Amino acid sequence: MTREPMIAPSLLSADFARLADETARIADADWLHVDVMDAHFVPNLTLGRPVVEAIARVSPVPLDCHLMIEDPERWAPGYAELGARNVTVHAEACTDPPAVARDIRAAGALAGLALKPGTPLEAYLDVLPDFDTLLVMTVEPGFGGQAFMAKVLPKVREARRLVDSGHLALFLEVDGGINADTIEQAADAGADVFVAGSAVYGAADPAAAIAALRARARTATGRRPA
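Mind the numbering: the sequence shown is residues 564 to 789 in our numbering, read in order.
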């Protein structure tokens, strides 16, 4: 898997009244991270499939859909069908993770598995070969603007060890509290996809913010053992 850092600005930090314009502001990113919340799995409600489909039509970069919802087996393939590059479901919400991964892939997207901060990696090692992306939450899912939780980084390091040893082939993604001060910690631990909300959308120049984040991650990645 590539070690080149990928930046995925979080649309949760954008101006929802100007979504088309807000997607254009992050044209230099790698993915656009779209949080779908149902007010059941997490205590917040955001976007559903019709809005995500409209975003997909205008986004200059591929969509990275993060489904913080109940019953992902029912809903996840639909997000792949509308053209998302990556569709991630939460391990804690799945009854059959390999099955939902197969359905997402069959619908044309990469399949991702997300873990809450308190969910151990070890519990899902047997199903991770069915997935293309592992999303390690560095905050509790549900709301933006939370502080980065460095205590989850050992989980990222172990996943990186398994990828580097050939036991897994995954993008390693982190989501929550990623900014200029924390991205190097996450990259040093082994992440290669970084979800950044206010660090990008709160900047006067999102393109410059994306470039700066990518440069910091690349610096830390270069310090990791080959």
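In short, the hints are calculated from the structure, not lab data. Hints may contain errors.
What follows is a set of in silico ranges between Cβ atoms, one per label pair, in the way DEER data are often shown [stated by the list, open to error]: (1) P683 - N607: 20 to 28 angstroms; (2) A710 - D584: 24 to 32 angstroms; (3) R781 - R720: 13 to 21 angstroms; (4) V621 - E721: 33 to 41 angstroms; (5) V621 - A771: 20 to 28 angstroms.
Please read these numbers as outputs of a predicted model, since none were measured by experiment. All C-beta atoms in this analysis are idealised placements derived from N, C-alpha and C, irrespective of residue type, glycine included.
Taking the hints in turn, this is what the structure says about them:
1. Checked against the given bound of 20 to 28 angstroms, the beta carbons of P683 and N607, roughly 25 angstroms apart, stay inside it.
2. Look at A710 against D584: about 29 angstroms separates their beta carbons, and that is inside 24 to 32 angstroms.
3. Judged by the Cβ atoms, the range 13 to 21 angstroms given for R781 and R720 holds: they are separated by roughly 18 angstroms.
4. Taking 33 to 41 angstroms as the suggested C-beta distance range, the pair V621 and E721 conforms, at roughly 38 angstroms.
5. For V621 and A771, the hinted distance range of 20 to 28 angstroms is satisfied, since their beta carbons lie about 22 angstroms from each other.
Of the numbered hints stated above, none is contradicted by the structure.
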